[in-house]
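Q: Sequence:
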Amino acid sequence: MAKSTFSVPNVRSFYNEVEQPILTYWKENKIFEKSVSQRSDKNRFVFYDGPPFVTGLPHYGHLLASVLKDIIPRYQTMKGKKVERDWGWDCHGIAVEEIVERQFKTKNRREIESRVGIKTFIEACAKYVSNTSEEWDWYIDRIARWVDMKKAYRTMDLNYMETVLWVFKQFYEKGLVYKGKRVSLYCTRCGTPLSNFEIAMDNSYQDLEDPSVYVKFPLNYYKTGVGVGAIIQNERGEVLMIRRIKETRDKVWGIVGGKYEEQDKGDLEETVKREVMEEIGCTVKTMTYTGFSVDIFEGRLFKTHHFKVEIVGEPKVVDKEGDLSSEIHWIKKNDIPWEEIHIPTKNCLRDGLKIAPSIDKDKKPSIEKPNVYVVAWTTTPWTIPANTGLVVDKNAEYVTCKVGKEYLVVAKNLAEKVLVDTAYEIVDTYKGKELVGSSYQPLFNYFTPNEKDNHIYHADFVSLTDGTGVVHMAPGFGEEDTQLGKEIGLSMRETLDDEGKLIPEVIDFAGMYFKAADPYVTENLTKRGLMLRAEKIVHSYPVCHRCKTPLVYKAQSAWYINIQQIKDQLYANNENINWIPEHIKHGRFEDAIKTFPDWGVTRTRYWATPLPIWECNKCDNREVLGSISEIEAKSGKKITNLHRPYIDEHTYPCEKCKKGTMTRVADVADSWLESASMPFAQFHYPFENKEKFEANFPGDYIIEYVGQTRAWFNVMHVVSTILFHTNAFKNVICTGVIMGSDGQKMSKSLGNYPDPRGVIEKYGGDAFRLYIAGSVLPMGEDLCVSEEAMALPVKEILLPLMNTYKYFTLYANQHGFEYKADFEPKNLLDKWVVTRMKQVVYIVDTNLGGYTVPRAVAEMKPLIDDISTWYIRRSRDRFVNGDKDAMQTLFEVLLTFAKTFAPIAAFVTEFLYQDLKQALPKKEQLESVHLELFPTAAELSKEEQSLLDTMAETRSICSLGQSIRVEQGLAVKQPLGTLFYQGKQALSAEFVTLVEEELNVEKVVVEKKILTGKKIVSKMEQEATVALDTEITPELAEKGTVRELTRAIQGARREANLALGQVATGSFYTENEVLAKLVVKYSKQLCAATLLKSLEQTKNKPDTAIKPAVIGAEKIEFFAVIS
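Residue numbers for the sequence shown follow UniProt numbering, so the first one is 1 and each next one is one higher.
These are calculated hints, taken from the structure and not from any lab test. Fair warning: there could be bad hints in the mix.
When the alpha-carbon atoms are kept at most 25 Å apart in a straight line, the in silico DMTMM-like pairs for lysine to aspartate or glutamate are as follows [what the hints assert, rightly or not]:
1) K795 - E824
2) K618 - D648
3) K107 - E499
4) K1039 - E1096
5) K394 - E327
6) K452 - E480
7) K181 - E494
8) K730 - D742
9) K536 - E523
10) K567 - D591
11) K1115 - E1038
12) K656 - E623
13) K922 - E892
14) K1039 - E990
15) K690 - E630
16) K923 - E824
17) K762 - E796
18) K285 - E269
19) K748 - E796
20) K515 - E781
21) K27 - E932
22) K259 - E314
23) K585 - D782
24) K452 - E487
25) K346 - E235
26) K659 - E630
Now the in silico label distances, taken between C-beta atoms and shown as ranges [stated by the list, open to error]:
27) D137 - G180: 51 to 57 Å
28) E796 - G977: 36 to 42 Å
29) V966 - K795: 22 to 28 Å
30) K30 - L158: 26 to 32 Å
31) E28 - K119: 43 to 49 Å
32) H59 - C547: 17 to 23 Å
Bear in mind that the values here come from a model prediction, so they are computed numbers and not experimental data. Cβ coordinates follow ideal geometry from the N, Cα and C atoms, glycine included.
All chains should be built: construct the whole structure from the sequences, respecting the hints.
A: In structure tokens form, the structure reads like this:
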């Protein structure tokens, strides 16, 4: 073959000098198109590209995904697969509507319909999305992403929308669609509910300031909650107790006592006398008041007054109609069955028998009925008019706290937090179950309650870490409230209209926007003495991810897909998916399936695929039409546009009642249903392209950030499971999130991230690709963006790679490199670097094939370092002398390197390939490295692995030896006598020679035991020990001086601007005779090492500004001129 001439790179800007010309080359030669067309249809790799919103401009999130959306398809293409990469646009949804609304300056749906008109509004939306931004083209090109944007599908296109109609009809025919009322987050500005996928987006929560109020709900039972307890003892000190005999009664033991009744005429002693007579048929001889307690008893809170009583007569059971069967027992104090006694009885006995300190020593009985409140915490005072229940945790401990003349009920472990800076006394402790069933007074009387309203219930969702341990329930304004309210039968009071304003029935706050009503509700309750404390709190609050309006949980009618019915299939199909990182599979994605509510698939908006549901205005007839032909056949009209209001014009007579008209419901579909349908809707399946769809389903690979586990990944999984009973994709990478440099969300106002376009222009697309692909992001972890880190791939990978290539081209051009086929390396270093390259090929192939991209990227830097700092450095003399095997070896390694890392660093590898391929036979020269097949990868043989292990040990020995040199202040060019080595690897003569040359020692001695001595310095690392004899003999000193002279002559050549390999004549001047004699003595050796014909001493110092070399303490000047 003819000799090749390679370009010598001197790259200052990868972006301008390497990448721009390659971009032009790719486009002019249609390399991307050929990478697809040259692969067989029968060997496909299917990539699904999640369509971005047409409204958005590219940001770091898009670019992160785009890098990984390019690397894997490039790799699979090089593995011989046909990988089509068609772009898609997500055209519908509130994102577009919100932009168009700004054009029309509308504030809500009412203004869209009344002032603008649906038709005009829809036309404006269509016009906007037709003008997509050219920004996308720039970014996609500059990061070397290959994708066909000319054939992009659009979710707004007629064919795509028709497929979505078909999807909905399939859901309906499978019995999965129902109309229901459910609470979901609702945007009052957009006038529509939002799906749980939209709320899962990163920008769906903001830190907002809200009220933090502690509200007092008055308990009803305090109006009748006063009673007495009588402690009766006999002469033996035994206590009279009554055992109630009933299987369903959990507390069977008690004492004489009961409620204060109006007939007692304000005298608690009369109550005691009446109870003693009625229960045991005795009269009271004496009684002594001992105190009182405030207790929960059978769902009522009582203030129980305690008396010690002497009786007259023999106690006996007095039977009354309807009373429990009872037995009277005299019980010793030590035998009292405390576990079978209600709290009021316990406290009465403890007080009267002095078993525990009395709760109150006030000896004056009082029938005052105290004000007792259950305290609930909320950040939404506007929901209090809709309150119909309170909930507690039946298993938690609660306390009644006396605050002034009031009694407040809160969870025990939150009392101190709730009553901070308040003087209080705990007067009773009990389980939450004692509160369950109690009733309270509503704080507002705008609505008529049902019999279930205004009571206390148990709920598992009650928090005991914040709030009060009591949750205020307003069914219709919270998912948990609504679900529990339905189970109990509580009223649902829909106090907000569609614009988020309180309805006229809420008289005091009618017409107020819900957020604006908060201070007015707070003020109202404060004036009425029902507000314990009102503060402010900053917390994470859901906002509309489009218009940033605070959202509200609101009950609304919508069409739902029954997800619960298919969850077993969703779980089963998830087992067929390979998730990267692996923990997502049974972690976030399985959790997403588990918590996935029935899918509210409708929106009360305009710019979207319409729901294909027609209903009769006279009867209950309902039909779902799943194609254009069905609609046309029913209505008798031609369809050219499926959007509103055009589709709404298609009405037809009801075939069921023969009287009514079938009219389409006003709702449109959730845009997530459209994006979930992309695997088949892009082909207009099932109406055409059936074979093409089946050849491209399920997808082999998708990639998006981890938030899509609750969004796109999830809905695709659902749709595919319902329609095709399988998973939609086989392999998925869930990336982490790119955060600002300060660890916060990226923000223009904070300026916490570098401009992506700026860094790409500054460092280049390959540097950006390497930064992203080599980071923790592809393994699902978050990353704080850093321009300094973006610059590292240039410094640590791209420049060293170019310098390595430059070294090759210098000597290849000088010595006229010719490619030799079927080359087998014989030199130890040649064998090693080829084997090292083979090892990397296998590792990269394994990791790109396994979707663990960062592990593949991690191989680049160490390999480049190995080639440049070990192979080339140890082979320098061979390159200088034009060793053909060294040239061939480095050529093949660089060519293999280019092919191996082409999927990752698309530009620089193309640069290398285009220059290197000229040395290949014409038939082997492809137009692009990206049209090549990936290098053959195989695990290393035992012999190959042994070679790498021994070389690693050799380098470790050299590293230890160099460390000793540095510590002892011994220059590298100063030869030393002996190096002693002890380790696990046996070193052959070739490896010993490497060590001798690298460490500049006369000999290497392998010892079983390292020698010690005054001049012997040793170091150990893992299982290797190295000792270096640091004594410098006169002979070694002279050899060191010759090395220094060689270096000085090379410097003179550079001063004379002599070309590499150019032969010259040399001369030298020195005033030191010893040094001059040494130069003469070794002149032949010096000339051979420095490409000089001769080296003569000049007696007179030349008139020159050349800087003299310093050898030891003496100066010498060398001069080189062209021969």
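Q: For each hint given before, does the structure comply? Return the numbers of the non-compliant ones in rising order.
A: Numbers 1, 5, 8, 19, 20, 27 - these are the hints that the structure violates, sorted from lowest upward.
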